[in-house]
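**Q** Sequence:
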Amino acid sequence: MYAKATTKSRVEEAELPRKGKSRSKAVDEDLQVKSTFAAHDRTQLETVFDYPVIPNLAGATRKQKYVVEAWFFYPPQMAVSPQTYTKDRFYADLRPLVRFREPRFSFRELIGLTGSRSPIKFLEDYVKQVADGHPPVTIQRAISEARIFGCSFASYFLKRMGKRTKAIRKVHKYIATVYDERGQGVESLEHYLDETRELLSKALYLLKQWRKLLIEAESLNQDYLRPLVNELKFVDEYCTYRLRDGLANLMRVATEIDPRLVPEIDYLAFLRRCVALNRLERWYAKKRGYAWIDEDSSDDEVERYMHRRGVLKRRTWGVLYLSIRTRPLFEFQRQLGAMAAAGLAALWWVIAMYFITLRGGAFVGGNAAAESDFWQSSGFLIVTASMIAYVLKDRIKENGRSFFSGKIFSQLPDNSERILYEPATEAAIEVGNVNEYTHFVPPEDLPVEVKQLRIQSYSDDLEAEDAPKSIIHYKKVVELYPRAISLMDYPIRAVHDILRINIAGYLTRLDDPQAGTDIISIDGRLSSLKLPKVYHMHIVLRHSLQHRRDKQVVYDHFRMVLNKRGIIRIERL
255 MYAKATTKSR VEEAELPRKG KSRSKAVDED LQVKSTFAAH DRTQLETVFD YPVIPNLAGA
315 TRKQKYVVEA WFFYPPQMAV SPQTYTKDRF YADLRPLVRF REPRFSFREL IGLTGSRSPI
375 KFLEDYVKQV ADGHPPVTIQ RAISEARIFG CSFASYFLKR MGKRTKAIRK VHKYIATVYD
435 ERGQGVESLE HYLDETRELL SKALYLLKQW RKLLIEAESL NQDYLRPLVN ELKFVDEYCT
495 YRLRDGLANL MRVATEIDPR LVPEIDYLAF LRRCVALNRL ERWYAKKRGY AWIDEDSSDD
555 EVERYMHRRG VLKRRTWGVL YLSIRTRPLF EFQRQLGAMA AAGLAALWWV IAMYFITLRG
615 GAFVGGNAAA ESDFWQSSGF LIVTASMIAY VLKDRIKENG RSFFSGKIFS QLPDNSERIL
675 YEPATEAAIE VGNVNEYTHF VPPEDLPVEV KQLRIQSYSD DLEAEDAPKS IIHYKKVVEL
735 YPRAISLMDY PIRAVHDILR INIAGYLTRL DDPQAGTDII SIDGRLSSLK LPKVYHMHIV
795 LRHSLQHRRD KQVVYDHFRM VLNKRGIIRI ERL
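So the mapping is simple: our numbering equals the position in the sequence shown, first residue as 1, plus 254.
Think of the hints as simulated: they come from the structure by calculation, not from any bench. Among the clues, some could well be false.
To be verified - In silico DSS-like links for lysine-lysine, alpha-carbon gap of 25 Å or less:
#: 1; residue 1: Lys462; residue 2: Lys541
#: 2; residue 1: Lys787; residue 2: Lys723
#: 3; residue 1: Lys723; residue 2: Lys705
#: 4; residue 1: Lys705; residue 2: Lys729
#: 5; residue 1: Lys462; residue 2: Lys417
#: 6; residue 1: Lys487; residue 2: Lys541
#: 7; residue 1: Lys540; residue 2: Lys456
#: 8; residue 1: Lys729; residue 2: Lys288
#: 9; residue 1: Lys288; residue 2: Lys382
#: 10; residue 1: Lys417; residue 2: Lys427
#: 11; residue 1: Lys413; residue 2: Lys567
#: 12; residue 1: Lys567; residue 2: Lys540
#: 13; residue 1: Lys319; residue 2: Lys462
#: 14; residue 1: Lys319; residue 2: Lys288
#: 15; residue 1: Lys462; residue 2: Lys382
#: 16; residue 1: Lys540; residue 2: Lys462
#: 17; residue 1: Lys413; residue 2: Lys427
#: 18; residue 1: Lys567; residue 2: Lys375
With the sequences and hints as input, model every part of the structure.
**A** See the structure below:
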């Protein structure tokens with residue numbers, strides 16, 4: 255995510271990161287929905303929400319309710335309106351993905367040195383009991399445990415590596431900013447480098463134990479165990495790629511260190527260790543037949559690597575994915591407005607045709623000859639009246655659908671779905687439900703807080719008067735069942751909700767990304783320039799946990815800068 259640039263003072267730039275353990279978060283922060291907003295690619299926004307699962311929260315032991323809302327302010331050049339952008343199109347551009355957050359393991363828990371459940375320990379015991387001819391559970395359960403390890407290892411290693419590399423970069427910036435003869439900050443840099451070396455050692459030890467387990471399972475050479483052996487290999491390959499990613503990130507940061515500023519640190523030894531570990535992993539990958547790429551790899555090798563990496567990621571993390579299914583009878587409920595409008599139109603048509611056709615004979619007193627003359631002489635009027643009645647029936651149906659759906663049945667959600675966890679060996683478990691609503695709102699109907707956020711983002715009256723008038727309000731109500739989630743084999747901290755919104759359909763209406771113009775320089779020379787043509791799309795998010803007595807609502811405001819080719823950057827306001 256790109257943050258809005260701000261001017262920092264010298265003191266702020268020179269602030270050192272804290273060493274040691276960070277302070278524990280306040281309880282209030284743990285109860286809040288956590289969100290991130292970024293560009294997934296050139297044409298897709300990605301918003302990620304984490305809904306914390308709090309089994310012991312008073313009043314929420316049966317159900318926890320989270321409300322997430324978003325206001326999308328489309329620039330007028332996109333020509334977004336209720337006529338051009340229907341609800342069906344909006345939801346077609348919305349791609350939801352829901353999963354459990356991966357279990358949070360420490361190194362000791364991952365390796366099985368504590369009393370808590372460990373995927374490695376579980377699989378070691380499982381393989382031993384298979385060798386004895388007494389498998390304790392089904393092999394699908396063991397496969398799920400293998401995938402849990404893959405998710406947990408990637409999360410454990412990459413998140414910690416990200417924190418350490420960020421701290422290294424920050425303390426190096428501090429040293430470069432306030433450098434003096436006393437060598438301030440060098441001790442902190444040594445501390446974070448030591449922590450990084452320790453993290454690498456732990457990650458390598460975890461993979462060593464995993465690969466030892468893989469070799470042991472392969473040595474049994476049992477047909478029954480073959481699916482698990484394959485899964486252990488897939489997870490091993492995925493973890494190998496993720497370890498390489500972490501090493502590459504560390505190398506990128508380490509090469510930014512100026513050894514002249516920290517002569518006390520054996521900087522080259524640290525780099526040599528990183529290179530040696532990468533070579534060792536490359537040798538292991540080649541031995542195992544895993545894909546491995548470098549600057550000399552061919553296009554075919556790179557393509558194979560990227561495709562295989564994506565398949566491995568989906569397979570490994572699939573153990574945490576949740577299924578979304580439409581509620582029974584909801585499709586019928588969605589059609590209530592259309593059905594009511596159709597019934598009203600049908601009633602009008604029956605009454606109209608009754609008076610036009612059946613009552614026509616009353617004017618001639620039931621005389622057959624007179625009735626025949628009446629229909630012959632008034633045929634044109636009858637046809638005209640029938641056409642008008644039919645047209646009115648059609649209008650009653652269309653307008654009635656909007657009236658009933660927008661007024662009487664406006665409280666019904668656009669989508670109502672169940673959130674299900676489907677373990678490989680058990681029946682599906684309903685862990686929550688989600689309802690979605692969306693509609694266009696005029697600027698004057700925006701909540702006061704949203705209006706205030708928009709006003710604060712205007713640089714002057716010109717920008718305020720040119721503010722977008724096409725605003726879509728999207729609302730998602732998520733209810734989680736902590737008691738059902740507590741039945742999982744591992745403690746689940748949160749539900750991870752990913753929303754991707756595709757804007758590619760409206761980029762074609764924008765102008766070319768560059769416009770040419772001629773300018774005259776100060777010395778009188780004429781030159782041509784290519785000027786960027788960009789547009790601003792604002793997004794305001796609001797989310798909260800509804801079961802809290804002291805409910806706190808959190809707002810986020812973003813500005814997306816885009817052109818005809820897609821998203822350029824996203825700024826947090």
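**Q** Against each hint, give a clear statement of whether it holds in the structure.
**A** Here is what the structure says about each hint:
no.: 1; hint: Lys462 x Lys541; in the structure: holds (15 Å)
no.: 2; hint: Lys787 x Lys723; in the structure: holds (21 Å)
no.: 3; hint: Lys723 x Lys705; in the structure: holds (13 Å)
no.: 4; hint: Lys705 x Lys729; in the structure: holds (17 Å)
no.: 5; hint: Lys462 x Lys417; in the structure: holds (24 Å)
no.: 6; hint: Lys487 x Lys541; in the structure: holds (13 Å)
no.: 7; hint: Lys540 x Lys456; in the structure: holds (23 Å)
no.: 8; hint: Lys729 x Lys288; in the structure: holds (16 Å)
no.: 9; hint: Lys288 x Lys382; in the structure: violated (42 Å)
no.: 10; hint: Lys417 x Lys427; in the structure: holds (15 Å)
no.: 11; hint: Lys413 x Lys567; in the structure: holds (17 Å)
no.: 12; hint: Lys567 x Lys540; in the structure: holds (20 Å)
no.: 13; hint: Lys319 x Lys462; in the structure: violated (43 Å)
no.: 14; hint: Lys319 x Lys288; in the structure: holds (14 Å)
no.: 15; hint: Lys462 x Lys382; in the structure: holds (18 Å)
no.: 16; hint: Lys540 x Lys462; in the structure: holds (17 Å)
no.: 17; hint: Lys413 x Lys427; in the structure: holds (21 Å)
no.: 18; hint: Lys567 x Lys375; in the structure: holds (23 Å)
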